[in-house]
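There are 2 protein chains.
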Amino acid sequence: MKGAVRTSLIGIILLTCLAATGCAEPTCKVQRFGAVIGVKKEAIPEYKRLHAETWPSVLQAIRECNIRNYSIFLKEVEKDKWYLFAYYEYTGEDIKADMEKMKTYQAMQDWWKLTDPLQEPLPIREKDEWWAKGEQVFYTE
Amino acid sequence: MKGAVRTSLIGIILLTCLAATGCAEPTCKVQRFGAVIGVKKEAIPEYKRLHAETWPSVLQAIRECNIRNYSIFLKEVEKDKWYLFAYYEYTGEDIKADMEKMKTYQAMQDWWKLTDPLQEPLPIREKDEWWAKGEQVFYTE
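Each protein sequence line maps, in turn, to chains R and Y. Using the numbering used here, read the first sequence as starting at 4 and increasing by one per residue. Using the numbering used here, read the second sequence as starting at 4 and increasing by one per residue.
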């Protein structure tokens, strides 16, 4: 009995730790993404305001679609040319399915109605893209 | 005695898990960075080749300076204008001191001698910058 309690305790600790790494299963393979999009200079205050208080329903949708550790950075790359750079990790099994799932959330649809007009997607992005994904050329843990 | 073994075991598991999160102490606060730099179009194959086989001494220096989960993405943002976007996490206590420390590694000096000429830093970067840091405007775990 004592052994069972100990085993359970270790199991709970392990699961808690794995959850903290953003990876629910020991075998899960994290995919890392970097993406870029333009942002209209005059829209920057509104973009920042929205993201400083992102709706909980949006954060929940992101999480339910297995996106973790998601940051967006703002940078003026050339004079008066501002870009947003996103970094996120995908911890699920089927990113295509999860990205399609994300589009079905009412919260995401409402959110994108506010954020899309603030952005200027790259003219040379892929035809199915809004944010344009980069190619990962380096990684170290 | 049995209790001590169990406590040690739980301790080891906890420490292993914390190490896996890239954060050595439960109280440690991760700082996230996004940075951008241009890359010469003709230098891209060499940049990719170098980073596909980054020297172990460079990876060790990065680690010893408390940088974790470091990715670099390559993207053509405008026609024939290529940029590199870096994302990394700092898990130490004094980033200024650690960045100065990094400059003292012979491996880093040798590495930068190869990589700097391939890059084109943003003309509008801060005067102490090579890679230009962005402003984090969004984060969700």
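Derived by calculation from the structure, the hints in this document are not laboratory data. No experiment lies behind these values; they were computed from the predicted model shown. It is possible that part of the hints are untrue.
Any copy will do: because identical chains look the same in the list, a pair fits if it lies in one copy or spans two.
To be verified - Once the Cα atoms are required to be at most 30 angstroms apart in a straight line, the calculated DSBU-like pairs of lysine-lysine come out as: (1) K104 <-> K82; (2) K99 <-> K82; (3) K32 <-> K82; (4) K43 <-> K32; (5) K51 <-> K99; (6) K84 <-> K104; (7) K32 <-> K116; (8) K130 <-> K82; (9) K116 <-> K130; (10) K51 <-> K104; (11) K84 <-> K51; (12) K116 <-> K104; (13) K130 <-> K99; (14) K51 <-> K130; (15) K84 <-> K44; (16) K82 <-> K44; (17) K116 <-> K82.
Consistency of the hints with the structure:
For the homomeric pair K104 and K82, neither the shortest alpha-carbon distance inside one copy (38 angstroms) nor that between copies (32 angstroms) is at most 30 angstroms. Only between protomers do K99 and K82 lie at most 30 angstroms apart by alpha-carbon distance; the minimum there is 28 angstroms, versus 36 angstroms within a single protomer. Taking the shortest alpha-carbon separations for K32 and K82, neither the intra-copy value of 39 angstroms nor the inter-copy value of 33 angstroms comes in at or below 30 angstroms. Taking the closest pair of Cα atoms, K43 and K32 never come within 30 angstroms of each other, the shortest separation being 35 angstroms inside a single copy and 32 angstroms across copies.
Taking the closest pair of Cα atoms, K51 and K99 come within 30 angstroms of each other both inside a single copy (28 angstroms) and across two copies (27 angstroms). Proximity of K84 and K104 under a CA criterion of 30 angstroms is satisfied in neither setting, with 33 angstroms inside one chain copy and 34 angstroms between copies. Within a single copy, K32 and K116 get their C-alpha atoms no closer than 32 angstroms, and across copies no closer than 34 angstroms, so neither meets the 30 angstroms cut-off. Both within a single protomer and between protomers do K130 and K82 lie at most 30 angstroms apart by alpha-carbon distance, with minima of 27 angstroms and 16 angstroms respectively.
Proximity of K116 to K130 under the C-alpha cut-off of 30 angstroms is restricted to the intra-copy arrangement: shortest distance 20 angstroms within a copy versus 38 angstroms between copies. Taking the shortest Cα distances, K51 and K104 sit within 30 angstroms of each other inside one copy (26 angstroms), while across copies they are farther apart (34 angstroms). In this assembly of identical chains, the alpha carbons of K84 and K51 lie at most 30 angstroms apart whether taken from the same copy (16 angstroms) or from different copies (26 angstroms). Taking the shortest alpha-carbon separations for K116 and K104, only the intra-copy value of 17 angstroms comes in at or below 30 angstroms, while the best inter-copy value is 46 angstroms.
Taking the shortest Cα distances, K130 and K99 sit within 30 angstroms of each other inside one copy (15 angstroms), while across copies they are farther apart (42 angstroms). When the C-alpha separation of K51 and K130 is checked against a cutoff of 30 angstroms, the pair qualifies both within a copy, at 27 angstroms, and between copies, at 25 angstroms. In this assembly of identical chains, the alpha carbons of K84 and K44 lie at most 30 angstroms apart whether taken from the same copy (7 angstroms) or from different copies (20 angstroms). Proximity of K82 and K44 under a CA criterion of 30 angstroms is satisfied in both settings, with 11 angstroms inside one chain copy and 21 angstroms between copies.
In this assembly of identical chains, the alpha carbons of K116 and K82 lie at most 30 angstroms apart whether taken from the same copy (28 angstroms) or from different copies (28 angstroms).
The structure does not agree with the numbered hints 1, 3, 4, 6 and 7 stated previously, though it agrees with the rest.
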